[in-house]
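Student: Chains as they are written, first to last, in the working numbering: chain A, -7 to 199; chain B, -7 to 199.
A portion of the hints provided could be inaccurate.
Chain A stretches covered by chain B per the calculated footprint, using a threshold of three residues with CB under 8 Å from any CB of chain B [stated by the list, open to error]:
(1) 155 to 164
(2) 170 to 183
Looking from chain B toward chain A, a few residues come up when the C-beta cut is under 7 Å (computed) [what the hints assert, rightly or not]:
(3) TRP166
(4) ILE192
(5) PRO196
From the derived model, a few chain A residues whose C-beta atoms are all more than 12 Å from chain B [unchecked claim]:
(6) SER34
(7) ASN68
(8) GLN106
(9) PRO116
(10) ASN117
(11) VAL198
Read the hints as simulated data drawn from the structure, not as lab findings. In this text, a Cβ means the ideal position worked out from N, Cα and C, and glycines have one as well.
Protein chains: 2
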Amino acid sequence: MVDALLYERRNYPLLIVISGPSGVGKDTIARLVIESRAEAFSFVVTATTRPPRPDEVDGQDYIFLSSDQFAEMIENNELLEYAIVYNDYKGIPKQQIRDALASGRDVIMRVDVQGAATIRKLIPNAITIFLTTNSEEELVDRLRERKSETSEGLNLRIATARQEMKRIHEFDYWIVNAEEQQETAVHQILSIITAAHCRINQRPIVL
Amino acid sequence: MVDALLYERRNYPLLIVISGPSGVGKDTIARLVIESRAEAFSFVVTATTRPPRPDEVDGQDYIFLSSDQFAEMIENNELLEYAIVYNDYKGIPKQQIRDALASGRDVIMRVDVQGAATIRKLIPNAITIFLTTNSEEELVDRLRERKSETSEGLNLRIATARQEMKRIHEFDYWIVNAEEQQETAVHQILSIITAAHCRINQRPIVL
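Using the sequences plus the hints, can you model the full thing?
Tutor: And the structure:
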């Protein structure tokens, strides 16, 4: 008799990291993916010391913290990883991920390239997705359109984006977020998630 | 300046092996996957010495060969793999795969469990999918409904299916082809294919 377990589907929540250079559209794509199947996903919000942009909501887009609050989280070892990004601190509260995984839903995180590399080391079975554009020109254009940047800030981001593009090979998947083709990018990310749930060797996320 | 190659998507044709125990629905699912996006897929037809079933078409469902013809292909090293399956020979003509890959389209093969294991050894970057049912009862029922089986043949297939289920861990993916839910199985296979094209480390199939 065949072991009944062979017919029992083990399905653990996934940890999906959406990353890529600044300006590539991580926030938008992560939001569209979650909205497409809101009942299936939990979103992990990053903590940051940078001031909110006009349209950003605390606790939803980011957890906006003072430097002192952020320092306290570091000291209490409450962050999965943190880094200085453009003179501001960014970090991922461990409790956010634990709560999200405990819900049984797949967990989606939007993390900069530096942070994604760290997560990959700490959680090897995280699924890491690198968002990119069709060309460097397209990326630079998008950074330029972002009104919040000073000219100096812009140049820094372009230089950083160039460096970050070189780390693409540290990731599992590569998605082009082309102008006017966000639907394709979202469809591809949903396919990656569906495929991951069909893998034979699935292991739970541990952190 | 970032290397322009970073923005150039390398996309090689995939080799997708749909396998699973006898009676699980490999033929139907492979056909539905191909029909869903006929322009994107090539299908590799297996050669066999078994007689065609009433509704089967030579060159389309299988390449039906005499024992002598099959022996000649073996001698000329024209088969990727071959095996005796229920007293008949089955094998995969290499030229079929080469032609299919040369078309630039993804190649879909329907292969028994034994054959799939061999292909996995010869072509490690093939994508291997194991089709299964929700329970052993469902599988036995389907084998019983297949009118072409004698009682003895049926018992042999059930025993073989039990052994084959134990090899599921040699595969990459696991799809449940449940009664009345073929659409889900097809959607999952298409997702696996889409995801594979988004992988960062893609290599061409060599054989």
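Student: Now tell me, hint by hint, if it's right for this structure.
Tutor: Against the structure, the hints:
no.: 1; hint: 155 to 164; result: holds (count 6)
no.: 2; hint: 170 to 183; result: holds (count 4)
no.: 3; hint: TRP166; result: holds, 5 Å
no.: 4; hint: ILE192; result: holds, 5 Å
no.: 5; hint: PRO196; result: violated, 17 Å
no.: 6; hint: SER34; result: holds, 20 Å
no.: 7; hint: ASN68; result: holds, 35 Å
no.: 8; hint: GLN106; result: holds, 17 Å
no.: 9; hint: PRO116; result: holds, 15 Å
no.: 10; hint: ASN117; result: holds, 15 Å
no.: 11; hint: VAL198; result: holds, 21 Å
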